[in-house]
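*Asks:* Spelled out from the first residue to the last, the chains are:
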Amino acid sequence: MNKETMYDITLTINGVPYAIRVPGRRLLSDAIRQEARLTGTHVGCEHGVCGACTVLVDGQPMRSCLIFAVAAEGSDITTVEGCLDADGGLGPVQQAFREHHALQCGFCTPGFITTITGYLSEHADPTEEEAREAIGGNLCRCTGYRNIVAAVLRAAEIERGRADAP
Amino acid sequence: MKPAPFEYVRPETVEGTVEALASPEAKVLAGGQSLVPIMSMRLASPSTIVDINRVSGLGGLQVTDDGVRIGALVRHRALELDDRAYDANPLLRRAVSQVAHPTIRNRGTTVGSLVHADPAAEMPAVLLLCDGSVEVVGTGGTRTVEAADFFLGPLESAVGAGELAVSATFLRPPAGSGSAWMELSRRHGDYALVGVGALVATNDRGQAMSARVVLIGVGPTPVLVELDSALPDRRADTAAWSDAVDLIVAAIDPEADIHATVEYRNQLARVLGARALRAAGCDAATRVAA
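Taken in order, these protein sequences are the chains called E and W. Using the working numbering, the first residue of the first sequence is number 376, and each one after it goes up by one. Using the working numbering, the first residue of the second sequence is number 5, and each one after it goes up by one.
Check each hint, because a few of them may be wrong.
Calculated pairs, BS3-like style, for lysine-lysine (alpha carbon to alpha carbon, straight line, at most 27 Å) [unchecked claim]:
hint: 1; chain 1: E; residue 1: 378; chain 2: W; residue 2: 31
hint: 2; chain 1: W; residue 1: 31; chain 2: W; residue 2: 6
hint: 3; chain 1: W; residue 1: 6; chain 2: E; residue 2: 378
Hints in this document: simulated from the structure, not taken from any laboratory.
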């Protein structure tokens, strides 16, 4: 096999521009971890089933293992590291996860945090049923989901509280 | 779980795409929600990936008197949320909202799903039920393929090597008709074990004047069943539809797999078929009254 063709691309990840060089087959999930060195994004099943690698691409939750990095050129990406508060503390979803013990081993958590962050940006006040639906594409083998659903509702409450604050 | 090496090209025009597709074993990348996992599992190793995401003119969603026309880059999620498309053909939202999870629908395209032609996928079945068509461009020019001729086998559509599906059109259901989509899957967002789409036209007394269903998960391609010879005498929204259900089961030939036996799939077709027909009858009654 000849040497693989490499492609120079730029991505904005959590507000920071990255210029990286990747082969066409590099998955966005691997580029985020290996080239950008942001290891918060976890790689589970690598075929779009588990949801652990979910990131926000231009604000929308997507599976980073189902996107080639080269095809994401120019995109604005938010990973779990970018779901922080403006002052660098825990973001609303992260804080809610801590309060409700919504993680155990933590492997799936980055995918949940990004998925829920994206969801709450469009649905400020979900019901419990809607919260369950919102996380339907993410697998967790530890918690049984009950505490994660509670954390979705709590995160929405925290965000609404902040929006109402003067 | 990593794809094999390939050359990546990103044309900006349809002509450029067709040119790039001339290289042997080239494959179109739109949303990639089926293609990328297949490549990661090394079930496919195309030599060239032709990324159409920057091709101009493929992102449009138009609602006309005939129906809803979507370009090759319209994401499932955009179709789901489009109110004009819903008004023109409510079945589009009812079915596309059952495609995988929102995260997948944010990236995956509806036209891509048609071309992928998974026998358990919703949108190929909806195209068939609504007498839709797909516009395909190749070196020889543009051709329109009717839904009835589009799905050739499992994961095999009429889009040939070197061709690009640029849009799909879903016709409006006839006036006075209602629609419904019903499916059962083992887990939320999974492919359905069996899914049924129904289209029922009623008169002003709520009686069915014509009906057809489409089924997924019961054969190598979606199965369309015309039910005009088996309409119930009673109101469409409360009838048992027993003659229709017998026709449905006679028309399908499901296979057993790890998830369901043949008998169970037949039973699902029976139960979901009757439910979908009643729900479509109910939808039609609402529309006739409106």
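*Asks:* Of the hints given before, which are not true for this structure?
*Replies:* none
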